[in-house]
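Protein chains in written order, with this note's numbering: chain Z, 417 to 609; chain L, 13 to 311; chain R, 177 to 855.
Among the hints, erroneous ones may be present.
[Unchecked claim] DSS-like, lysine-lysine: derived pairs with alpha carbons at most 30 Å apart:
| hint | chain 1 | residue 1 | chain 2 | residue 2 |
| --- | --- | --- | --- | --- |
| 1 | Z | K567 | L | K158 |
| 2 | L | K112 | Z | K447 |
| 3 | L | K130 | Z | K589 |
Honestly, the hints are just simulated from the structure, not real lab data. Keep in mind that this is a model prediction, so the values were computed, not measured.
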Amino acid sequence: MVTKNYPDPKLNEKLRDRYYRRDQSNPEFTKETEKLAGSMAHMCYQCGTCTGGCPSAPRSTYRIREFMRRGVLGLEEEALTDPDLWLCTTCYSCTDRCPRDLAPTDVIMAMRNLAFRRDIIPVNFLKTVTAIYASGHGVPNNDVNRAAREKLGLTRDPPTTHMYPEYIKGIRKILDHYNLKENADRIIKEREG
Amino acid sequence: MTAEHKYAFYLGCIAPNRYPGSEAASIRTSKKLGIDLVPLEGASCCPAPGAFGSIDLNVWYAMAARNIVLAEQKGLDIALICNGCYKSIYEVNHKLKHNKELREGVNEVLKEIDMEFKGTIDVWHLGELLYDPEIVGVEKIRESIKVPLKGVKIAVHYGCHLLKPKKERHLGSTENPMWVEELVEALGAETVQYRNKMQCCGAGGGVRGYDLTHALDITNEKLTNMVEAGADAVVDLCPFCQLQFDRGQIEIEEKFGIKYDMPVFHYAELLGLAQGMNPSELALDLHAINTEPFLKKVL
Amino acid sequence: MAEAVSPTTSEKPKAPRIGVFVCHCGTNIAGSIDIDAVKEYVKTLPNVEHVNDYKYQCSMPGQSNIQEAIREKDLTGVVVAACSPRLHEPTFRAATKDGGLNPFRFEMANIREQNSWVHMHDPAGATEKAKDAIRIAVAKASLLEDLYPKSVPVEHAAMVVGAGVAGMQAALDLANSGIKTYLIEKAPSIGGRMSQLDKTFPTLDCSQCILTPKMVDVGRAENIVLMVNSEVEEVEGYIGNFDVTIRRKATGVLSPAEAEAKGIVGGGCTGCGDCDPICPVTKPNEFEMGMAPRKAIYIYHPQVVPLLYTIDWDSCVKCGLCVEACGDKKAIDLEMQDELVKVKVGTVILATGFEVFPIETKEEWGYKRYDNVITSLEFERLICASGPTGGHLVRPSDGETPMRVAFVLCAGSRDSTGVGKPYCSRFCCMYSLKHAHQIIEKIPGVMPYIFYMDIRSFGKAYEEFYYRIQDEGAKFIRGRVSNIQEDPVTKNLRVYAEDTLLGRPMELEVDMVVLAAAVQPTELTNKTRKLFGVSCSTDGWLLEAHPKLNPCGTTTAGVFVAGACQSPKDIPDSVASAEGAASAASIPIHRGEVELEPYYAMCVEEKCAGCGLCVNLCPYSALALIEKDGKTVMQVTEAKCKGCGTCGGFCPGGAIWMNHFATPQIVAQIDAFLLGGEQ
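Please build the complete structure, drawing on both the sequences and the hints.
Now the structure itself:
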């Protein structure tokens, strides 16, 4: 990238070099994405079938076709730092209809995994992790619900980790194996203090 | 009637902890149809495929595998009532069965908690078991009905992860399926076809948590289409979709100033009503949207 | 195993003296194989008298090297280590012959396709593999014998299967060159797909107007025996002498000639149509893509050739009203039976065409679910003046004229999902441009939207046609259609796609959608090709002998392909390939005889026990038991034998000698490989 050292920083931004150059491409990013996604993402021919049926596209700047293109070209920085990466609802319509038999949804998931490795992740995703670490449930029970369950003739707590908390130990071991709780706590603290 | 088909009932999070009526209804209605749903002790969140799949697929595989192994230890297939759970439990089970490398990786981790994924069971959505004539079938459901839900029009929301991606599922058409309509019509209700029926509810992939208005805008589009087609209620097979449509209406009113009052049911709840369960036995009062006007129409 | 002795030689063979010629093929071979090392190694092999290398062995100097060495070194066999024998075996055989040896004393070692090209990253391994290949070839060359090809006469007649534009053209060319040609068509009329089209791109001339003269020519041609409602049932024989059994389906209607043969003077079907209005059964007309009715006794359209009515037995109730209406012409026979006709031909051209892939299996576009989603072939009939609507394009839902029409290109083509077709169907871009032009011309104010991925306008004057249609106002949207939804009330269609050039998703409401559906070989193609022993690609298209250098031939000698049964082809390409196939198919007929490779099996009579086990094994019915000198022995019909070796491998007494692939030759090759050259 050509850096312009004009005295006015606003001008530097306005006139920023917009050439796509090969040095922006990281072939490893393409390979990593494909490995995680289990899909030959480099075979995308940019027909737009994915975006055409995407529920998120008509209400945002999210274009799954562009993420596929970034995958093809290895544009790691551009893909992982784009906040639109998190607007896929994983409805899999694109995967069902892709004429090249690719799985754009899984490509997005792979890119999200790669983003997380760089601590790029919306906090709400991490809160699900901490909730599960605490109780085994992403959406835990509460007192109103307990009362309602009782009226229905169900156990106050469902026969899950809620009723058998001894199972939580195993869940924590799995999450700790991947240092997920530790990382989640660290990132949440960095963001929210 | 004695139960011929026994399954480990995997509950997930939202059904038992927010809509316990679906849990109760699933157990009771199934029993009448020859399906015995037994508790799967110690199960956890599936875990949420949007959140966990986005963070680290390997964690998702391992956590889902733990739930599957609980059922393997019981020697029972899993039945579940949530599309999100279906994605995690069904898909991970399928992947681990067919991908040796993945299975070995997961078993390395499970070894730490003295578990091993063996690949000995199958995973089913209760909806598909109800539709399958070998298990229950539409006819048998129709015969089990005491209170036909006459005079109401139902919009079916299939949800995404039950059917898609098509290649990794086995439930047929993802563009224009009609089998849940058949299940609903077996209860005596009418169904309506509405614009963009197969569109997502908007909640999945972590979007509900990441950008609520974005998710709600999708939900709002669906609700508009359902209203346009004259629907009196929404029925789905997924507590997460249910939450998005039900609680989502309160949020839509709050954020967009639009009010629908469209009741939202899990199919098990409707089946319970039709089989004669009392609304109080379904905890319909926990729904965000008042179900009374709908109940008055049918009961 | 009993030692096999060649029945062809009585005198003691000369000690073998083999010359080996290693080709560099520029750097194709020399780039990864160490030629010098190979040469040094070959010199150590038994029987090798001469070793030479050259940059291009196939060049004139390369061939001269071979000829000179044969003469100077008194060679008994030649080995060339070079490319695949598919390319240059004939070249080197000729060189061997010119050097004074029998051409079948030549053996080829493939060190390019099966070696240097695939092992370019492993030169050491490639060099070793080349040594193995040459050692094996030398072992065989040492045992090769003189062989003499036999000639068989060629029947002065040809057959063309399929009477679309390609089949018609091929039949006309053959007939015009003086060859009696049987033209077999499964439908009641010739004309094929082209007769269903309205106009043709890029010239915009009327398809029927340019096709019907050809149809009439075919109907009138003296040398053409036209058989419609007919299918190939059985094929026997080989180039020059194919015995083909044709099933002529009972049409229930006699032609004037057939009537006369039955003694009905002045009778037979004249195509008057008196039977048509009286027939009580109505069915959809397949020629009109089911959009117009026909009767159980019917013709497709007034220009059919031959102009004969046909009875659809699946719907006929045999009420006999048509027989009455036909009166004295006595053309209708409700008891008519299928007839099997046997003909002998020298060569055959397959021109079985294409059909539209079942596009409803791509559910996202709603074909058969939404009234106003139609295929391009249906569009052709609707826009055609002689079609069911008299050329008025109307919506099937309400008969209204559509004012906004979306054309969906690559509908099922370029599709790797396993539902659609992975290939480009090749003519959809161009006919969709033509469709846009046709509606602009016919419907004032109409707007065509063409959803495309790439516009492939590769032919003569095609790109100019694209320019013209864009100039006429068609809107091109670069995006593949994701899905289509029908408005249940208006039956309008909402087309969802991304305008990828704009980078925006789009929702476009239109009155009609035309799917440019992928094409596939016709249903009968697979059965027919099997009868003639022709291979097909994984997609079912018939396989040519060589995609570039022998595009009309097949791997079965004497059988050729023409038109769209080989791959999707537009009209100019179909006709061109038909003329090519006709020319190729006429050559053996005009020569009057063909040489057969002398690779046939031979019976070593003194060893033959006459058990006859081989007779039933032969896939080509080439073997029979005969009485000879008071003994039962097997006899080979050399012209029928393909040299496959099934009998030779099976014979319990070792009594079958496979020319050029004889047991001692093959054993020597295996030994040479396994023993690494040690004797």
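**OP:** Starting from the hint list further up, note which numbers the structure goes against and sort them upward.
**Re:** Violated hints: none; all satisfied.
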